[in-house]
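Asks: What follows is each chain in one-letter form.
2 protein chains.
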Amino acid sequence: MSERPTEKPEFGPTRRGFLRASVAGGALVATGGAAFAQTPDPLITEVQPWARVFGDGIDATPYGMPIRFETDVIRRNVPWLTADVTSSINFTPIHALDGTITPAGCGFERHHSGAIELAKEDYRLMINGLVETPLVFTYADLERFPRESRVHFLECAANSGMEWAGAQLNGSQFTHGMVHNMEYTGIPLRLLLEEAGVKPEGKWILVEGADASSNGRSIPMEKALDDCLVAFKANGEALRKEHGYPVRLVVPGWEGNMWVKWLRRIEVGDMPWETREETSKYTDTMADGSARKWTWIMDAKSVVTSPSPQMPIKSGPGPVVITGLAWSGRGTITRVDVSMDGGKTWHEARLQPHSHDKALHRFYFDHVWDGSEMLLQSRATDSTGYVQPTKNALRAIRGLNSVYHNNGIQTWWVKSDGEAENVEVS
Amino acid sequence: MSERPTEKPEFGPTRRGFLRASVAGGALVATGGAAFAQTPDPLITEVQPWARVFGDGIDATPYGMPIRFETDVIRRNVPWLTADVTSSINFTPIHALDGTITPAGCGFERHHSGAIELAKEDYRLMINGLVETPLVFTYADLERFPRESRVHFLECAANSGMEWAGAQLNGSQFTHGMVHNMEYTGIPLRLLLEEAGVKPEGKWILVEGADASSNGRSIPMEKALDDCLVAFKANGEALRKEHGYPVRLVVPGWEGNMWVKWLRRIEVGDMPWETREETSKYTDTMADGSARKWTWIMDAKSVVTSPSPQMPIKSGPGPVVITGLAWSGRGTITRVDVSMDGGKTWHEARLQPHSHDKALHRFYFDHVWDGSEMLLQSRATDSTGYVQPTKNALRAIRGLNSVYHNNGIQTWWVKSDGEAENVEVS
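Taken in order, these protein sequences are the chains called A and B.
Residue numbers for the first sequence follow this note's numbering, beginning at 10 and rising by one.
Residue numbers for the second sequence follow this note's numbering, beginning at 10 and rising by one.
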């Protein structure tokens, strides 16, 4: 308690008194609604146990974990999705997060042959092929190069893929959780390629991981020299094992499969390699059975993370914060609109003031909910002017055979009891 | 390996071949130095164990921790600093981090009576005193208010305090590690105060925590209505227990002690409370024994995090990345200069392109080290034009009795063997 005696608290309206408030133009305005009945609350009238004793000391958690009340905010997999968990996907709990940074501990994983353990001392990166001087770098070598730190999203090409055919998984974690957003520190790939000296005929690179799958992907030289990072830190600390410790590639705005983990080798060539990962996988099968290739860029997309199936409205009618994430592989997000009637009418949401290129953006729309059903949607516009399409607009062009690159508008049906379901609107 | 056979790697220069390079103007330029002798490296000529077997599946770590090789990147306390760990400080491992975001798991802690465990269901926030309507909010109530997400640094007023008298602790973690930088999500405090209705005579607030210490602090109304947040998330997820779960105050740019954790009560008054935490503590004792009061704002400051005593140069002469952090409680950082000769000459460092108000900034200076001794310093300039002073300039004004608000320039003596020590230069 403070050293100066304070007046006895006057308990006017109860803890729900502020529900009188309604939101207009982002500011709360009292509307003079009814005050709720006053109920004595021992949590404010009595000294609580936690104010009577000491808590944990500063030696309790040299590296801390979330409090035990938050153990449901974790990555989750969908067991039926793949035959084996070493070659599968789990999902970021985006429904329960806010802001834009994804903590590494709950940032989505995808492995093709499991997460390997590779010590810095055992790490080597080779650059070979059409270069003047083939090179092999140790981790200590890489630490000597100029570095940059930038926030970028990583999204799996298959994110929302199960929605193509209307799987309607119940939760933004499962429909949109193959995404995370971290501050990466690394070396511009351009500098390493310049060090080796790319020959004039070198137009592509092959990037390859040290795990059993190797996960080889071709990247055009123009992108390699643009904004790719050979990264060793994420959110300030060393990459987590499951995110490619000690070194992964960052390919801003491009599909996550190209962000090769445990990066082992970069080969310079004069044409793409047409690996398994870019032919039988990570191409888009069209309605006629042909395959759309080299669809690397993740187009503008958004999703309402709350309310959503995993985040029902529990407090009944009144003010509710409608919030979500938006991102674009082509730049920044300039606008997000929210609809509560399945796309008939739209309302501009508030975007947070900081906006990073090819990074997650957070949006908020402050709404006074009257308890009636909502068909909740969000729609992103990016810095190129591109507007996120409906799922049906995508299907009209690409058919129903696709798995990858579904950036269509998501709909949550919020019912009168606050529960929400994944639905489609025509 | 890739599907397409690749040519046999030609091993030209060895893994140290790139040491031929020197840095000029931020770009690597080959200088034609001697190539090192070629040594066969089984790590690149043989298939390694981690490429022969599967790694961990995606169910291995629903919430992940750093890899076991990084167990030294943790918060550390200094046992002799205080009598008891429930009322003490530990330090962020800033020497080992990069970028600007501090992962919550290793973000510095300070408690006055330990970290308490307070469930959301048991949480109440009272606003009383000179208000039209005293209010008590539950956690669910707070979730209904409009929110913002912003990156801010938190720095303890006592950060670098032991350096006033020249303690010269060996490591940036110990000299400057009472700081962290996270993306906070919360409600503008202004909205909650407007909800209660501040009376015209209300010029100050008292903020108080739910722990035994209560840690009451007075904040002028102008700051309360400006940019303070009643925050419930940091780096996207719920606040950690040790950072005030479920709700703490964020007071951007002001000393960390005011960022009250487990925020329980906000009282509006017409004058400051003069609590213990703002009279006997958190004031600056001047040379004549008088106390400088209300020194809330953390002035512009910077430190080289690597190389530093905990991060010696291990690879010998050649390119080295000199990097560190800079911040200001008055705005953004517009420039950081680095000196290698104890402040005689200065070189402008590279600042990362993203710059948040009252947040940590990362700087890099790419240097080719010739192996001679360095007296390494950094000097920050903020958006008000203020330039970080030397320690002696501060001492000339404030004497040697201070504990708090030491933002003086730090010097590391980097010796020829790459080891570094904390030293003072006159």
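Hints may be right or wrong, so weigh each one.
One copy or two, it doesn't matter: identical chains are merged, so the pair holds either way.
Capping the alpha-carbon separation at 30 Å, the derived lysine-lysine pairs in DSS-like fashion look like this [unchecked claim]:
| id | residue 1 | residue 2 |
| --- | --- | --- |
| 1 | Lys212 | Lys400 |
| 2 | Lys353 | Lys212 |
| 3 | Lys400 | Lys208 |
| 4 | Lys323 | Lys302 |
| 5 | Lys424 | Lys129 |
| 6 | Lys353 | Lys302 |
| 7 | Lys323 | Lys208 |
| 8 | Lys129 | Lys353 |
| 9 | Lys424 | Lys232 |
| 10 | Lys212 | Lys323 |
| 11 | Lys400 | Lys129 |
| 12 | Lys323 | Lys232 |
| 13 | Lys212 | Lys302 |
| 14 | Lys400 | Lys353 |
| 15 | Lys302 | Lys424 |
| 16 | Lys129 | Lys323 |
| 17 | Lys400 | Lys323 |
Since the hints were derived computationally from the structure, they do not count as laboratory data.
Asks: Now tell me, hint by hint, if it's right for this structure.
Replies: Results for each hint:
1. With identical chains, the CA atoms of Lys212 and Lys400 are never at most 30 Å apart, being 35 Å at best within one copy and 53 Å at best between copies.
2. Taking identical chains as interchangeable, the C-alpha atoms of Lys353 and Lys212 are never at most 30 Å apart, the minima being 47 Å within one chain and 47 Å between chains.
3. In the homo-oligomer, the alpha carbons of Lys400 and Lys208 never lie at most 30 Å apart, since the shortest distance is 44 Å inside one protomer and 52 Å across protomers.
4. Taking the shortest Cα distances, Lys323 and Lys302 never come within 30 Å of each other, neither inside one copy (45 Å) nor across copies (46 Å).
5. In this assembly of identical chains, Lys424 and Lys129 lie within 30 Å of each other by CA distance solely across copies; the values are 25 Å between and 52 Å within a copy.
6. Taking CA atoms no more than 30 Å apart as the test, Lys353 paired with Lys302 passes in neither setting, with 34 Å inside one copy and 58 Å between copies.
7. Taking the shortest Cα distances, Lys323 and Lys208 never come within 30 Å of each other, neither inside one copy (62 Å) nor across copies (33 Å).
8. Within a single copy, Lys129 and Lys353 get their C-alpha atoms no closer than 54 Å, and across copies no closer than 37 Å, so neither meets the 30 Å cut-off.
9. In this assembly of identical chains, the alpha carbons of Lys424 and Lys232 never lie at most 30 Å apart, being 45 Å within a copy and 41 Å across copies at closest.
10. Taking the shortest Cα distances, Lys212 and Lys323 never come within 30 Å of each other, neither inside one copy (55 Å) nor across copies (36 Å).
11. For the identical chains of this complex, Lys400 and Lys129 are neighbours neither inside a copy (44 Å) nor across copies (38 Å), given an alpha-carbon limit of 30 Å.
12. Taking the closest pair of Cα atoms, Lys323 and Lys232 never come within 30 Å of each other, the shortest separation being 46 Å inside a single copy and 33 Å across copies.
13. Taking the shortest alpha-carbon separations for Lys212 and Lys302, only the intra-copy value of 18 Å comes in at or below 30 Å, while the best inter-copy value is 64 Å.
14. Proximity of Lys400 to Lys353 under the C-alpha cut-off of 30 Å is restricted to the intra-copy arrangement: shortest distance 15 Å within a copy versus 63 Å between copies.
15. Within a single copy, Lys302 and Lys424 get their C-alpha atoms no closer than 41 Å, and across copies no closer than 55 Å, so neither meets the 30 Å cut-off.
16. Proximity of Lys129 and Lys323 under a CA criterion of 30 Å is satisfied inter-copy only: 14 Å between copies versus 48 Å inside one chain copy.
17. For the homomeric pair Lys400 and Lys323, the shortest alpha-carbon distance inside one copy (29 Å) is at most 30 Å, but the shortest distance between copies (54 Å) is not.
Violation of the numbered hints given earlier is confined to hints 1, 2, 3, 4, 6, 7, 8, 9, 10, 11, 12, 15; the remaining hints are satisfied by the structure.
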